[in-house]
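Undergrad: My request is simple: use the sequences and hints to build the entire structure.
Note that my numbering numbers the sequence shown so that position 357 is 357, with each residue one more than the last.
FYI, nobody ran anything at the bench for these hints, they're computed from the structure.
A couple of the hints might just be wrong.
Unchecked claim - Here are the simulated DSS-like pairs of lysine-lysine, each with C-alpha atoms no more than 30 Å apart in a straight line:
{"hint": "1", "residue 1": "Lys-270", "residue 2": "Lys-286"}
{"hint": "2", "residue 1": "Lys-423", "residue 2": "Lys-412"}
{"hint": "3", "residue 1": "Lys-270", "residue 2": "Lys-41"}
{"hint": "4", "residue 1": "Lys-270", "residue 2": "Lys-157"}
{"hint": "5", "residue 1": "Lys-246", "residue 2": "Lys-286"}
{"hint": "6", "residue 1": "Lys-286", "residue 2": "Lys-157"}
{"hint": "7", "residue 1": "Lys-157", "residue 2": "Lys-41"}
{"hint": "8", "residue 1": "Lys-423", "residue 2": "Lys-376"}
{"hint": "9", "residue 1": "Lys-246", "residue 2": "Lys-157"}
What the hints assert, rightly or not - Pairwise CB distance ranges (calculated):
{"hint": "10", "residue 1": "Ser-426", "residue 2": "Cys-465", "range": "22 to 28 Å"}
{"hint": "11", "residue 1": "Asp-332", "residue 2": "His-267", "range": "19 to 25 Å"}
{"hint": "12", "residue 1": "Gln-266", "residue 2": "Glu-335", "range": "16 to 22 Å"}
Glycine included, C-beta positions come from ideal geometry on N, C-alpha and C.
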Amino acid sequence: MPESTHNAFVVRLLNRYEHYREPALVHRRFRHRDILPLLEKLRALPGVAVHGEGRSTEGRDIFRIEAGHGATPVLMWSQMHGDEPTATMALFDLLNFLTADDEWNGLRMLILDAVTLHVIPMLNPDAAERFQRHTPWGVDLNRDALRLQAPESRLLKRVRDELGAEFGFNLHDQSTRYSAGTSPESTIIAFLAPPVDAESSVTAVRRRSMQLIAALNQVLQTMIPDRVAAYSDEFEPRAFGDNIQKWGTSTILVESGGLAGDPEKQHIRKINFLILLESLRQIATKAYETVDIAGYYDIPPNLFRMYDTIFRGAGYHYREQRFELDIAINRDEIETGGAGGKGFYLHGTVADTGDLSTFCGYQELDASELTVVPGKICPDSFSDLSDLGNTDPLALIRRGYTAVSLDRIPDKLHTDYPLNIVKTGSVQPTGTMPGTDANLLFYRGDDVVYSVINGTVTDVAAGQCPDGNALVYPQSSDDRQRYLAEPEEDPRMP
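TA: Right under this line is the structure:
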């Protein structure tokens, strides 16, 4: 298919994506129980089989979905790390596409006649329950390919061995802090044909992975130019990707990165859908076999150089001296348990300061005419949250405050009130040192231009008020641990 014709084909396909998008999955913090109805729906469809392959450490069922009857077995697995669910959503979108009946039947028949697809949508359901990387007992499944201690690890190896999978797709999420080479934009997708040894030898099995990735990159450059990176190819002898490649399955690592305005990764999910479907088309037609692996080596490296926000060139006074600082701020999700995608809050910190000219921000602000100072606590004391009803948060910020003090602080770690809350007599961590909580004010003369409260940047000069993602202090380790709850019990669990 000529490149221009294929690009038009891809655009037309993506325009139909919403017809296949699984509506039951709308945020990243879904759980094992949320995919069970989707598996039952698939189980009832002709041409689809759902197999129970075993159970996790805590007894949750792990499933393999089978579709197609072709001679080439393809294995895709997701959520080896429980907090990396973007591809899991895309896998259910892909299965919806493959089981639909519409104008794309020709493509479906082409794929399903040539390929037998095997999908493990949630390999680590116990970690997904907590939205964490490791198993509940502290092992990274992707570093357990040698010892095979975890039942989930043994299951994955057994399935790969039994299927003799010709291609394997190891589906992950990476940090949102990467860019594709020196691009000022974040990496959306990173690929890797995992190495089989420390010398990065190119075996015939690995060459197929490289060719397929090069073909996928050609398509993605028309959709997300300069947003595709090559993941580090340092050999990791304990990792599943490296070992599955060694065991004879051409393995493609897909890492979903970050995109401004897409915190739940719904657009990146759509890109994953395209990657997986295009991969199946390439495998079914063997089109990848004509692709030069030079295209794989042309993909720029995945570089850790993105921050959420960078203030450029702010003035900072220290001991009667004035310094110029770039100030980088990150906001990280802190898990608190809870269902419905709401079991977290954001914690903002100063990530780095100084000359950050080699780094980029999702948001960048010119602070060259501004002076940065740590936020202060309002000296007026209030009894409790109800006393704050008559306060004007924006007026308090303009007076230089990023926190208010209460005699009785709420029994939680964060607040919807726009300013931080501290217990009367306590302090509010703040400052410009890396690692400090990001509670800062940027002044032009005597006027506050920007406030940063728990990492949330607000244009005070434009009359904006913070969005209410503030912290409650003090937060001792005991306080924090009280809210990092164990997952609630599912009555369907054995």
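Undergrad: Hints first: check each against the structure and report whether it holds.
TA: Results for each hint:
1. Between Lys-270 and Lys-286 the CA atoms are separated by roughly 24 Å; this keeps the pair inside 30 Å, and the hint holds.
2. Restraint check for Lys-423 and Lys-412: the C-alpha separation of about 12 Å stays at or below 30 Å, so the hint holds.
3. For the proposed pair Lys-270 and Lys-41, the alpha carbon gap of about 21 Å is at most 30 Å, so the pair holds.
4. A threshold of 30 Å between alpha carbons decides the hint, and for Lys-270 with Lys-157 the separation of about 29 Å falls inside it, so the pair holds.
5. Using a Cα cut-off of 30 Å, the hinted pair Lys-246 and Lys-286 holds, with the two alpha carbons roughly 22 Å apart.
6. Using a Cα cut-off of 30 Å, the hinted pair Lys-286 and Lys-157 holds, with the two alpha carbons roughly 26 Å apart.
7. Restraint check: the Cα-Cα separation between Lys-157 and Lys-41 comes to about 27 Å, which is no more than 30 Å; the hinted pair holds.
8. The straight-line distance between the Cα atoms of Lys-423 and Lys-376 is roughly 14 Å, inside the 30 Å bound, and the hint therefore holds.
9. Of the pairs offered as hints, the one joining Lys-246 and Lys-157 holds, with about 12 Å between alpha carbons and a cut-off of 30 Å not exceeded.
10. Checked against the given bound of 22 to 28 Å, the beta carbons of Ser-426 and Cys-465, roughly 24 Å apart, stay inside it.
11. A beta carbon spacing of about 21 Å between Asp-332 and His-267 agrees with the range 19 to 25 Å that was offered as a hint.
12. For Gln-266 and Glu-335, the hinted distance range of 16 to 22 Å is satisfied, since their beta carbons lie about 20 Å from each other.
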